[in-house]
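K.L.:
Now for the letters of each chain:
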Amino acid sequence: MPAERKQVLDEVAARWNGRVQLSPEDGSESAYRLECEPAELSEVCNWLFSDLHYSFGGLVVEQLTRWELRYVFYGGPGAGWLHVLTHLAPSDYRVPSVSRLVHAADWHEREVEDLFGLVFEGHPRLGDFVLHDDAWHEGVAPMRKSFDGRQPVTHRAPDQNWKPRQIVEEAGAFLMPIGPIYATATGPVHFQLETVGEDVIRVQPRLFYAYRGLEKIAEGRRAEDVLLIAERISATSAFAHSLAVCQAVERICHMEVPPRARALRIFVAEFERLRHHVAAIEGICESTGLAVAAAQASILEEDLLRLSCVLTGHRYLFGLGTFGGLTINLDDSACNRAAAQVREVAEKLSRLERMLSISSSFLDRLEEVGHVSAGEAGDFGLVGPIARASGVSRDMRKAQPYSGYDQIEFEVPHESEGDGYARLRMFFREAAQSVRIISTVGQAVPGGQVRAPEVSFRPGAALGWVEAPRGAALHWIRLGEDGVVDRYRIITPSFANWHGFRLAAENFAFQDFPIILATFALSVHENDR
Amino acid sequence: MTSMGLLLVIIVALCGAGVVLPLAIEERRTPAIVGWFGACAAGVLLCFSGASLFAGAPFHATLWTIPSLATLTLSLDRLSALFLFISGLVLLPGSIFAAGNLHRYMGRYSLRAFSVLYFALYATLVLIPLSADAVSFLMLWESMSILIYLLVNYEDEMEEHLRAGYLMLAVGEAGTLLIALAFIVLANNGSLEFVAMEAGGGALGEYARWAVFLLAFFGFGVKAGLIPVNFWLPQAYAAAPDAFVPVLAGATLNLGLYGIVRVNGDLLPVAAIGPGLVALIVGSVTALLGILYATTQSDLKTMLAHSSIENAGIITAALGAGFIFVALAHPSLAAIAFAAAFYHMVNHSIYKALLFFATGAVDSNTGTRNIDRLGGLIKAMPLTALFFLVGALSIAALPPFNGFVSEWLTLQAMLQSAGLASTGVKIVFALCGAILALTAALAVTCFVKAFAMSFLGMPRSDSAAQARSARASATIPMAFLAVLCFILGVTPTYVIPVLDGAIAPIAEQARAADALVPPFFAGNVHHGELPASFVADFHALGAQVGQSVMPGRGLIVMHRGGAANPVVFAMSTTYMAVVLALMLLATYVVFRLIVARSRAVERRAVWDGGIRRLLPEMTYTGTGFSNPVRVIFEAVFRPTTVEDTRETVGKHFRAAIRRTHGENHVLDRLVLNPIADAALWVSNGFARMHHGFLNAYVLYGLIALIVALLIARFSS
Amino acid sequence: MSQWVIKGLRTGVKSTRYPRAEETAAGISPGLPTAATLPLEVAQSLVARCPADALELAPAGVDVNLRRCIHCFRCVRGTNSPLGWEHSYEWATAVSGGNDQKRQFGPAFDRSVHILVVDTGDCGACLNEVRQLNNPYYNMHRLGFFLTPTPRHADVLLVVGALTDHMRVPLRKAYDAMPSPKRVVAVGACALSGGIFGRSFMCAGGVAELLPVDVEVPGDPPPPLAILHGLLVAVGRKPPARLHRAVSDSVGNASG
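Chains as they are written, first to last, in the working numbering: chain A, 1 to 529; chain B, 1 to 716; chain C, 1 to 256.
If you're looking for bench data, these hints aren't it; they were derived computationally from the structure.
It cannot be assumed that every hint is accurate.
What the hints assert, rightly or not - Which chain A residues stay away from chain C? Per the calculated CB distances, all over 12 Å, these:
1. SER42
2. GLU62
3. GLY122
4. ARG125
5. ASP134
6. GLN166
7. ILE201
8. ILE233
9. THR236
10. SER308
11. SER333
12. PHE362
13. GLY447
14. HIS525
Stated by the list, open to error - Selected chain C positions facing chain A (in silico; Cβ < 10 Å):
15. GLY8
16. ALA21
17. THR24
18. ALA25
19. GLY121
20. VAL130
21. LYS173
22. MET202
In this text, a Cβ means the ideal position worked out from N, Cα and C, and glycines have one as well.
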């Protein structure tokens, strides 16, 4: 056991002696569970989050014989996972909120309140989140086992009395509504901007227009089919999510993934990250109206999409991941050709970066715009390149290595300014680094099988995680008999970063808003699920 | 008694009846008295002043002599007649509007008191331009100040009204004092009659002339709303009852300008460019500050008050330009500038009264004047919206309405300064012209906001949503004035000659009509008298169109220059109106043709981005609309943050963001507050002297005696 | 700024020649399974492998209902008897019944069609492929297609996604706000049939549940050229394809 983890466990035992039950998580070598009474929950979570600087991964709620609430935390390299657990009687729906102290848990608790009907006492902002109060049936909690997710619901006419919450009290303040249909080809999201003209004083995104109930419809389906759902959480990080599901199932079923498959998974995952970052760069260029740069980046994006298709048969890498490996073998020559093409893209990308870095009118729109401080990024639990642009350098590939990332030499880049330009630089630096990893891995893909022999499903539950292009993605799967999924919890990086988006967008002028939005590279689909 | 005298007696008698009758009859009939007697008196006033203005009918009456002071006389020349005529144009619809509007005060305030004060003021307004000696003028002026104070304080239970009233009274008295001093300096030969003053003015030295100009300019400037003595105006206008404020803006403001013109143009005409420059600069800055504060106001009435300051500024700037041209011996340019000033004054009285009527109608139907709480009124109050729009277009100086003609003339007159010799003067003109152009642009912003945010979109409050249409006593006066706005806008060639007559007392040799409406149109001038090039240009412009339809004059205002440059500028709002109407008609016809050919017009709900319900809270507020102006001119507004708090639950849950900005008017900041501070400092000093030691008081007495003796010794 | 102009010029012309000529670059389409004549046993096992019910048992083999295919590749990978696979992209079909006179475009729409894209809950793939139509490779402007953010200017409503409960009102409002004549193009398996999300408490299972659809573009996601084909079909500049590939009409055509 690494020293860091042992130290934390000793500290838990000493500090919370008797009040917190410490035990290793089933089937996992790096996870420990801390069981406590609901009353202690807030204090334990706050201690992990604020004192030990563990990151809050997410909240997993399960309706077993009793309610189980699992607050997932993870530390830096070697520190492993800590699952803070608390249980409620089946008829008990009230639990103290932790989000006043651990603000990163805010949206998780709101989501659970909406979908499970559990009330987080002390949470100041419950209701109207996943299920819109003016459209959904009051009191219906779809994630409960008693709710049949296969049946369509009767549609409710919009509530004419519902009003959004306004908190800005200033003469002449008004609410500027944007969306859900608001620009050319964007995901559906509705922004409520409170303003008195010119400056945006408060931003409230109203999300979940694309809520497809994926966690619910996964229940009762076979694990392979859930893999297809995972791919379609967000197409721009399809492979990352499918990889997280694969790892969770492999952990439950004690499957060994062949070395070749592990290497190819890194190869494809980094390829996907590169493509995502190129698209994000394109979005930023387009938001500032720099048409030529946007066109250049979009050429690269299309090149990479075509390369995906040539390499794996699908432009968005659908149908590639499977339990125990990959569905097809990417032969060495194809990998080498792909790596060579990727290096070509990287070269064009670095030329683009050089040109952008001397386009002053472009930089004016990004520098010192949409600033997020390291402290805020930490408190809101931001992840991925957005957090790293603010100096929070946690990366799943280093913090909790998977799929053999610990055997590769690479650095996690990070910036400290936390403004729009820092985020743009993050995308460029991470893209360049992905290319390096692709080259390294592509040169020496181990031989052998690309897929483990047939899966033998076992009941159980496990967490799978990846550093998706947008940041940490956590998938919790509980399998029943015969590989039927009993509970599927999806925690996505966009969910975390949408939560913190307002930090950047507030107190800037209207015309900066789309640019700040572009620098966050958020996905509505990944958030809404 | 002459027929003119009879008319004046009828006016005064009607006013007297308006003062006395309400005391004798039921209170609920008072509005009828205000309406009928006020309108009748205004009708007679229009005849009385019109007879002089259009036909030059003379009027002169000697009342009685106050021994050792002056003989009180009333006299009417065309200048006085112009101001009286404007007052009549405002008081006629104003009285009808007041009659309808007064009903809302029934039971809360004494309607009798209103009637008494209203008619007393009515009479003073009529008599002030007639008075031809300093004593009667000052007595009337002082009664006007007090009556206005009482009327502004009509709704006396509100503290801000009382404060506004006191401030107004204080500044007004200071103004009267300055005016009295000006008359004292003018009356250097002992006579307080205007005729004598005019005759003796030539004997005054340069310093005395400057003193008279400055005393009169700033003394009358109080009522006219010029910086730096206008800080009372927005508050007082906002406090004044809706039934009275149109009179305030449409008549009493003009009397301030009348005073300036009468003293500085007629009694002691400015002879040097200095005073003209002062008037030009003060006027331009007044205009800019007025429109800046108007644009950022969210209270309709206060906004209109600030806009009155702006208009007074434009008029004063034009007057200043006229003074400069007179001093530099450019009589025809001076006449254009004066004509522009008077034209603008007529226009301002009319459209401002119209806008105040509309605001009053909105206020009495919705209970609020706050633009941020209005919206969507066009559905409930279509006529009010239409007339407000006419007023807004006029005040924003858009053709074919009247504001365009006078602002265009003002700017054209200022552009003619390019021909002056002095570079310094040219630079001042250029800067002031630029300021006025900026003012005109901001005025468009201001009134786009006022109209769009109040009448279009969605109602932003329940009271706005439940508005009903305005009553006829409001719409008829508005309609009357709206029609006037249009007529004055399309017939400048008929208006300018009339104004020309009014200019006569202040610029004898100047004839604006000669320059602007060439006698060519009259038909009785031989073409041979005009340069051939001029006639050619003229034909090229097609100016003869309409000559047969509207015999006597053409429809083009054009500045006639010399032989080298026969036509300096030309413009025809008449043709503009015709062309605009034809274009609208053509658009409509084409649209109908296309639509009729394809399919019926489909009407769909407002596109709101697909949200489930568009709420009134989601529409732009007036404050939001004008926020860019506030940001750009932050140096002027210099807002102070009174409150900027974030109420949070935990560390990051926000419960409320409260922001309040204080705004210290730039004049308060730069003028009023330093004066107040200084006065406080001085009085504190005096307070320190009162410490109760007997010896010290003896010492004070001794020092005073010595000082007095010294003064007596050296002054003799 | 001049360096960007030069950069743009030096990049040269990238645009495809489609629809005047066929596009042959690699990686432009994930392709679709083809119907095949197969022994019953094999056919049954293949049909069972399909998670989206896109394969149908036919008397002589397997029929493919392209409207349902989600490119999971299970009928070609990990099986000993894979179906055939074609790398075409002209997949769009016109829905019969969408021939209402008020919905037909006249000649005025030949070279100028404005498109409102509404995402009613997809995974971002179809949306991203629609966005690619604006990149220099596909450059839909050259064909007179323009994206617009408001339904007021839109002639074509292009819908991607499975129609979530929350997007019903916005979609309906967008459609109602569009002027006539207007056509609806449903893009992607989700918009056609609900795709992998199917019909559930949140998903209605296809746009046709709410709006009359004129053109259907299958695929998960359909590649940019397929969407472009859909738009060309919508304005009548390209003939539609058929979405039900049956064994009977592909005999001799389908490779095993």
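K.L.:
Are there hints from earlier that the structure breaks, and if so, what are their numbers?
P.N.:
Those not satisfied are hints 5, 8, 9, 10, 12, 14, 16, 17.
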